[in-house]
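Protein sequences appear in the order of chains C and F.
For the first sequence, counting from 1, position 37 maps to 37 in this note's numbering; every step adds exactly one.
For the second sequence, counting from 1, position 536 maps to 1536 in this note's numbering; every step adds exactly one.
Some hints here could point you the wrong way.
[Stated by the list, open to error] Here are a few chain F residues that face chain C, going by a calculated C-beta distance under 8 angstroms:
| # | residue |
| --- | --- |
| 1 | Ser1353 |
| 2 | His1357 |
| 3 | Gln1506 |
| 4 | Thr1513 |
| 5 | Trp1527 |
[What the hints assert, rightly or not] Here are some chain F residues the structure puts well away from chain C; computed CB gaps all over 10 angstroms:
| # | residue |
| --- | --- |
| 6 | Val1086 |
| 7 | Leu1094 |
| 8 | Ser1103 |
| 9 | Pro1131 |
| 10 | Ile1416 |
| 11 | Phe1474 |
| 12 | Met1478 |
| 13 | Ala1488 |
| 14 | Asn1500 |
| 15 | Ile1503 |
| 16 | Phe1507 |
| 17 | Ile1555 |
| 18 | Tyr1558 |
| 19 | Arg1621 |
| 20 | Met1658 |
| 21 | Ile1661 |
[Unchecked claim] Now the in silico label distances, taken between C-beta atoms and shown as ranges:
| # | chain 1 | residue 1 | chain 2 | residue 2 | range |
| --- | --- | --- | --- | --- | --- |
| 22 | C | Asp168 | F | Glu1228 | 44 to 54 angstroms |
| 23 | F | Ile1567 | C | Glu36 | 29 to 39 angstroms |
| 24 | F | Ile1082 | C | Asp168 | 37 to 47 angstroms |
| 25 | C | Ser37 | F | Ser1572 | 55 to 65 angstroms |
| 26 | C | Asp160 | F | Gly1412 | 22 to 32 angstroms |
| 27 | C | Ser37 | F | His1231 | 42 to 52 angstroms |
| 28 | C | Ser37 | F | Pro1482 | 36 to 46 angstroms |
| 29 | C | Glu36 | F | Arg1533 | 40 to 50 angstroms |
| 30 | C | Glu36 | F | His1354 | 21 to 31 angstroms |
The set of hints was computed from the structure by calculation and includes no laboratory data.
Note that the structure is a prediction, hence the values are computed from the model and not measured.
The beta carbon of each residue, even a glycine, is placed where N, CA and C say it ideally should be.
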Amino acid sequence: MGSSSSSRNKIPNAQELMDQTGFSSAHLLRLYDRFESLDRDNRGYLSPDDFEALGGLAMNPIGGRIIDAFFSSGIPWTFPPLSGFWLISVQLTETVTKKEHSKSSPTAGPGSSNLYDLDRDGKISREELLQVLRAMLGLQVTEEQLQSIAERAIQEADLDKDDAISFDEFKKSLEKVDIDTKMSIGFLK
Amino acid sequence: MPSRTVSHGSSGRLRGLFLVMVLVFLEGSVFTLAVASSDQRSPTTAHSGGHKATDHGSHNNTGKAFPVLDLNYENVRVPFEISLWVLLASLMKLGFHLVPHLSNIVPESCLLIVVGLLVGGIIRGTGETVPPVLDSKLFFYILLPPIILDAGYFLPIRPFMENLGTILIFAVVGTLWNAFFVGGLLYGVCQIGTESTSILSRIGLLQCLLFGSIISAVDPVAVLAVFEEIHINELLHILVFGESLLNDAVTVVLYHLFEEFSGIGSVTLLKGFLGVISFFVVALGGVLVGVLYGILAAFTSRFTSHTRVIEPLFVFLYSYMAYLSAEIFHLSGIMALIACGAVMRPYVEANISHKSHTTIKYFLKMWSSVSETLIFIFLGVATVAGPHDWNWTFVTVTVILCLVARVIGVVGLTFIINKFRIVKLTTKDQFIIAYGGLRGAIAFSLGFLLEKEHFPEREIFLTAIITVIFFTVFVQGMTIKPLVELLAVKKKQEAKRSINEEIHTQFLDHLLTGIEDICGHYGHHHWKDKLNRFNKKYVKKCLIAGERSKEPQLIAFYHKMEMKQAIQLVESGGGIKMPSAVPSTVSMQNIQPRPPTKPAAERAIPQLSKNKEEEIRKILRTNLQRTRQRLRSYNRHTLVADPYEDGLSDLLLKKQKMFQIEKKLKEMNTYLTVPAPPPDSPTMCRARLASDPQAYSIKPASNKVPMIQVDLASPQSPDSVNLLDEFGQANQQEEEEQGLMMKPPSRPREAKKPGEEDEAKDQQKLMRCLSDPGPSADEDEDGAFLP
Chain C
1 MGSSSSSRNK IPNAQELMDQ TGFSSAHLLR LYDRFESLDR DNRGYLSPDD FEALGGLAMN
61 PIGGRIIDAF FSSGIPWTFP PLSGFWLISV QLTETVTKKE HSKSSPTAGP GSSNLYDLDR
121 DGKISREELL QVLRAMLGLQ VTEEQLQSIA ERAIQEADLD KDDAISFDEF KKSLEKVDID
181 TKMSIGFLK
Chain F
1001 MPSRTVSHGS SGRLRGLFLV MVLVFLEGSV FTLAVASSDQ RSPTTAHSGG HKATDHGSHN
1061 NTGKAFPVLD LNYENVRVPF EISLWVLLAS LMKLGFHLVP HLSNIVPESC LLIVVGLLVG
1121 GIIRGTGETV PPVLDSKLFF YILLPPIILD AGYFLPIRPF MENLGTILIF AVVGTLWNAF
1181 FVGGLLYGVC QIGTESTSIL SRIGLLQCLL FGSIISAVDP VAVLAVFEEI HINELLHILV
1241 FGESLLNDAV TVVLYHLFEE FSGIGSVTLL KGFLGVISFF VVALGGVLVG VLYGILAAFT
1301 SRFTSHTRVI EPLFVFLYSY MAYLSAEIFH LSGIMALIAC GAVMRPYVEA NISHKSHTTI
1361 KYFLKMWSSV SETLIFIFLG VATVAGPHDW NWTFVTVTVI LCLVARVIGV VGLTFIINKF
1421 RIVKLTTKDQ FIIAYGGLRG AIAFSLGFLL EKEHFPEREI FLTAIITVIF FTVFVQGMTI
1481 KPLVELLAVK KKQEAKRSIN EEIHTQFLDH LLTGIEDICG HYGHHHWKDK LNRFNKKYVK
1541 KCLIAGERSK EPQLIAFYHK MEMKQAIQLV ESGGGIKMPS AVPSTVSMQN IQPRPPTKPA
1601 AERAIPQLSK NKEEEIRKIL RTNLQRTRQR LRSYNRHTLV ADPYEDGLSD LLLKKQKMFQ
1661 IEKKLKEMNT YLTVPAPPPD SPTMCRARLA SDPQAYSIKP ASNKVPMIQV DLASPQSPDS
1721 VNLLDEFGQA NQQEEEEQGL MMKPPSRPRE AKKPGEEDEA KDQQKLMRCL SDPGPSADED
1781 EDGAFLP
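Isolated chain C, as found in the complex (with noise of 0.2 angstroms):
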């Protein structure tokens, strides 16, 4: 990619954001010009119906819960936060294929909890993952089905028998997955 002096200046405190995440710049670049077409109305940050104008969410059963992690946090998604973000996805998973699964999962961590947690108890209810379960069966299922389906993964994931799933409970019920092969966006460089 001609990624010459010139493009790159477009992008505020680009060397400063290439080291704090190790993206090269060609990357970067490309991260940037996908922020600025995500970035319609040129505001210089991005907002929630920005997201929602992309097709592929909008298909996507939990692209609304995924906007709303996003925005949420209350951070205005101008590009450093945004390429912070991006980077996190990378990041976590090279920590985690350090072998340190057992202390951080970050992968398995807040961040998808949250997304199932949308209330922010910190468990997810048998209701979050009923309206979870909803969202990616859609109609095609009764709501009986739904509920046994619901009602089996509580029972089986939940240890304390608390009737939601804590985030403990979540990672380890994940162990068996292998998180690091799931969670992981190849870039290319």
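Following the hints, complete the assembly by docking chain F onto the known chain C.
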């Protein structure tokens, strides 16, 4: 069942072993006789043609009495010998497991080769010529396809696809590297290291390269045989195994290429270029043929709902046709077979009946098992039989070069691959991958196929191939297990696929697809998502019959799990006598194989109509009348409350619960899973004990027990002690409202679940109480477990 094998004891095993040895001995002698007699008969058959009867008659004068007992071996010779071989193979398999400890130290493949050597030795010892059993045609068209189909049909698609890049690099680049390295260096050694008059120096470069390409392919049969026993983690298994499957394309191309070249004798650049193109044609063509047949098979299975019996046949036939069709065009038959199996599986499984599924599974396992055994035995026999030309230099250099090439190849490729992988391959992984590169019968058969005219050094090659095979199978095969232990390589985790995993995996997939969308990055997940959508929208509608085409994957998975548990429950718990309290807890443990079981699993149960329930209740009540009365007479506390005696119920409930809690306290540590006995109508539990197999999918509330523990100190009424969400509330509500009636379906969240849960437990209790023999045991049990 574990209990039965334990009771077998060592004496039983020895006895079994002895019997097997006798059988084998008999069979072996019959076999030798058969071989001997066949040789004697063959000249006579040449003369007499088809007239066996007259052959006999000609020995005697005409007008002789009608032969009452006649010996005519020739007619049945071929099928007879085949059956003898298969029988020998199967008896061997039996025998190995009877010999204590042997199968732990030595992998089965080694033992089978030894047996083959023995049989070959015996045959040769009796002076007969050893039959050329490992005929290439037999091998490639009959023995190999079942193994590959078994592998392809049950290929774990997800890990395979995720690691496809790595696998392809190992298979293609790795095999090429091996072939050229071994071939080239061998040629160098032959030319330089020996005198010019030695036969070695006459081996041309092309021949060496051909030899290299034959010997460099990792063999799926050997890998399967050895890796199956060591249970390493899924990643390594799929890497080595996938490599062994996919390198077939490379092997086929190289083989034909070099064979062609050494026949003609001139190599041009154009031909080299064509060789590269032919590689793509062979590989992709094979896959295409496989996919085509796979889709055909899936489509056919859509219409088999009325002829369930022949469903498995379609699966086998289409796959075999795919293999043969690919072989017609010199495409990679193995890849066709794998593609066919992998493509057709999801659709066929959605269409066929459960019994057909079981049939397919077990037939495939059976055939592949027998095939594998036969292959190794034949390898042994062929070693004894085959013309050998032992050349120290050649053989040792080959062995060393193979090892070195493999190690260098793996290390070098991993270095490159790790740049693109998220989960890097560690040194341990690399070592196992390198060490697991076993050669096997495919190499031998390919070598056997070589023609003598073009390859005067064929015998040298064969000897070397056999030596390498022996080395890898024996040395590497035997030592890989201790090495795996030593290096503490991650083992395969017992795959209990829980519904949680499935939900969260799907959720993560969606999440990552979403993130990729935001990033504008069309990566792995994006394409997978697109493929899934396409699949759901178009393909499934065509290939899956009826309603199930709309069933989302999660639901299908859920149903599968339910069915599995139901069947497990029936097999382990239904109707088994539980003589006393202690064993009954053991069998309860068996019944609930997975502690986190789900009481409300009777998702299927809601389908029982009211009428059916009534019917069932009536039947059961009449049959179980006696039991109930007997129990009643022993202990007032354990009164099985009659649904029609409403007045009694509340009082009894309370009493029973107190009693149960005390019992629980005492017996807490002895029980792994003890269903909390929620008071409920016994008729409900009887209703569950229905002929409806799905009703058996009770998941006794095993989880409930710890809860009781926790809440014991609560000052609340004993009812709330149960404090399971559904249960506690259920019971309370029950107490308030209706005593022992069935739960009203109007309960807000869990429509019928509490009822079902109760029923689940009751059913268990009922099963126990049905089989309780003696009064004293009964009392305790009833106290604990009957309402």
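Now the hints, each set against the structure:
no. : hint                                     : result
1   : Ser1353                                  : violated, 22 angstroms
2   : His1357                                  : violated, 22 angstroms
3   : Gln1506                                  : holds, 6 angstroms
4   : Thr1513                                  : holds, 6 angstroms
5   : Trp1527                                  : violated, 12 angstroms
6   : Val1086                                  : holds, 39 angstroms
7   : Leu1094                                  : holds, 35 angstroms
8   : Ser1103                                  : holds, 28 angstroms
9   : Pro1131                                  : holds, 49 angstroms
10  : Ile1416                                  : holds, 14 angstroms
11  : Phe1474                                  : holds, 34 angstroms
12  : Met1478                                  : holds, 30 angstroms
13  : Ala1488                                  : holds, 12 angstroms
14  : Asn1500                                  : violated, 4 angstroms
15  : Ile1503                                  : violated, 6 angstroms
16  : Phe1507                                  : violated, 7 angstroms
17  : Ile1555                                  : violated, 6 angstroms
18  : Tyr1558                                  : violated, 6 angstroms
19  : Arg1621                                  : holds, 29 angstroms
20  : Met1658                                  : holds, 22 angstroms
21  : Ile1661                                  : holds, 17 angstroms
22  : C/Asp168 / F/Glu1228: 44 to 54 angstroms : violated, 35 angstroms
23  : F/Ile1567 / C/Glu36: 29 to 39 angstroms  : violated, 58 angstroms
24  : F/Ile1082 / C/Asp168: 37 to 47 angstroms : violated, 60 angstroms
25  : C/Ser37 / F/Ser1572: 55 to 65 angstroms  : holds, 59 angstroms
26  : C/Asp160 / F/Gly1412: 22 to 32 angstroms : violated, 50 angstroms
27  : C/Ser37 / F/His1231: 42 to 52 angstroms  : holds, 50 angstroms
28  : C/Ser37 / F/Pro1482: 36 to 46 angstroms  : violated, 58 angstroms
29  : C/Glu36 / F/Arg1533: 40 to 50 angstroms  : violated, 29 angstroms
30  : C/Glu36 / F/His1354: 21 to 31 angstroms  : violated, 55 angstroms
Hints 1, 2, 5, 14, 15, 16, 17, 18, 22, 23, 24, 26, 28, 29, 30, counting from the list given before, are not met by this structure.
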